[in-house]
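So you can see what is in the structure, the chains are spelled out below.
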Amino acid sequence: MSIKIEHVIKNYQDYLALQDINFEIQTGELIALLGPSGSGKTTLLRVIAGLEVPDSGRILFNGEDTHSKAVQERKVGFVFQHYALFKHMTVFENIAFGLRVKPKKQRLDEKSIQEKVNTLLKLVQLDYLGDRFPKELSGGQRQRVALARALAIEPRMLLLDEPFGALDAKVRKELRQWLRDLHQSLHITSVFVTHDVEEALEVSDRIVVMNEGKIEQIGTPDEVYHHPANTFVYTFIGNVNMFRERSNGRVSYIRPHQLEICRSSVDDTYLESHITHIHMAGPLVKVLLTDSLGHSFQVDISQEDFHKLALQKGESVFVRPKSESHLVQDYAI
Amino acid sequence: MNNPTTEPLWVKWGLLTLALAFLFCFLFIPLIMIFIRAFSEGLGLYWASLRDPEALSAMKLTLYAILVSVPLNTFFGICAAWLITKFQFRGKQLLLSLIDLPFTISPVISGLMFVLLFGSRGFFGPWLIDHGCSIVFHTPGIILVTTFVTFPFVARELIPLMQSQGSDEEIAAMTLGANGWQTFTRVTLPNIQWGLVYGIVLCTARAAGEFGAVSVVSGHIQGLTNTLPLHIEILYNEYNFTAAFAVSSLMVLAALLTLILKQYIEWKTER
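Chains as they are written, first to last, in my numbering: chain A, 1 to 333; chain B, 1001 to 1271.
For the record, the hints were derived by calculation from the structure and aren't laboratory data. Backbone N, C-alpha and C define an ideal beta-carbon position, used for all residues, glycine too. A portion of the hints provided could be inaccurate.
[Claimed, not checked] Below, in silico cross-link-like pairs of lysine-lysine (DSSO-like), each with a Cα-Cα straight-line distance of 27 Å or less: (1) K135/A <-> K1262/B; (2) K1086/B <-> K135/A; (3) K1086/B <-> K87/A; (4) K1268/B <-> K87/A; (5) K102/A <-> K75/A; (6) K4/A <-> K214/A; (7) K1086/B <-> K69/A; (8) K87/A <-> K170/A; (9) K135/A <-> K87/A.
[Unchecked claim] Over 12 Å on every C-beta distance to chain A, these chain B residues come out as not near it, computed from the model: (10) P1008; (11) P1030; (12) I1066; (13) L1117; (14) F1137; (15) Q1222.
Between the sequences and the hints, there should be enough to build the whole structure, so can you do that?
Rendered as structure tokens:
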């Protein structure tokens, strides 16, 4: 189902949570709402779900205004950061909940409910845990139960509020991939909220970057990463170094891997700097430096280059952009 | 080996002995005395004191007060807790303090308030009496003050519990298509059930034992407006010690039963 968000505004007493939000989500897309905390991304998700009422603006599902529709009628699968599983019910009953509360006429018979829940349990690879209680499961398992529970009502879309936020790093990565695969096979329109840049880049079809209640950029992960629309997106997505020219106060940005370190300088594009720290772990070596003005910045170089140069902490070296085009002026973004 | 973060053994045993000694002097001995005194003139008199028509009528009235006030307060308590924990509104703190009011004012004052309102010279009293509805010195008055005095128990028990649970589960239920009633009966109620039972137990205990407020509105008409605690007082004032203690022993037994129930609930919720 397609979702269209038109001029949505939401105020909370003294601050603007959403300032005139406009965008469209195509059927079957997997969208990430990405932004720092307080950027309004969760509020937007809750407005789409019908859990919050916007002060003005419209939300259209397949072109149909949802204004008069209660949460119950919207058929959205909502997944919470802290799972919100029903503590007193087994995993099986949690998943069956949405099927059992249906009005009598639409309700499936007991046998069909059983079948459906068992299918869902298989889908989330937990068919051996049906009679356990939520507290007996790990975080990752709980979130998968929550997802199966949301899918049981055959929702028209899936809304996930920081679904992996409460999980540890390793499980988070696994579940990310799993969500991507699940979406690939179900093709259900999905929106998930995250403040984790890597997660948004890795999982989504398109990213909506939000800041202070506004949309900064909408684009594919590739577009958002390589062609940031403005300074905020550029600095929020990935590491970035900022340089301020002394003469005119102009600011320019460059990513750490777009800089190179040399032993000697040829012309004045080389910046003389001091190595203050070296992080060896990982595929790239992260070298922290300070220039003559005391600005700190970072350069990422390959392990081979690092060993070729034989860099030491405390040494004086020269740094320059690998290409002039990498250096982005503030106004140019 | 002693755990470095726990106190030495003698502290533990010392405190335990102190606590037990205190309980023994101020709780067990007085309680045992009640039973000794109650049975001091034989089982026959004990039994007769309980079978006395006035005692029976007091028991009936107390039971009656419990049967009306406890369900009412359970209902209001759930409503108040729901309102306070699931909604945001101005004056929430004030409402919380108001719920506590019956705890903070002396029961005697509570009783007087109702006399001032519904007594024969009270605010609503004359009109109500003209229309054949007497409250003060009648059963309705006793039920009214009992309800007032015991109002906070259920709400007080539920509010912190529901606050700590948040409303994510309810919201989840709603997104899954459950209506308000289904959400309440299938999600909220099972989550608060033991807290609710605990509140009801405390409320019942207080409703049975309330003395001050009831004493003011009752008028002490034997066989008519006497509850158990009032009946005991009258027996005692008439130097009818054995009967007074016999009836007291009944209330002590009820209290012990309440304690056991409370313990069971605590054990149940910890699981």
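Query - Violations among the numbered hints - result: none
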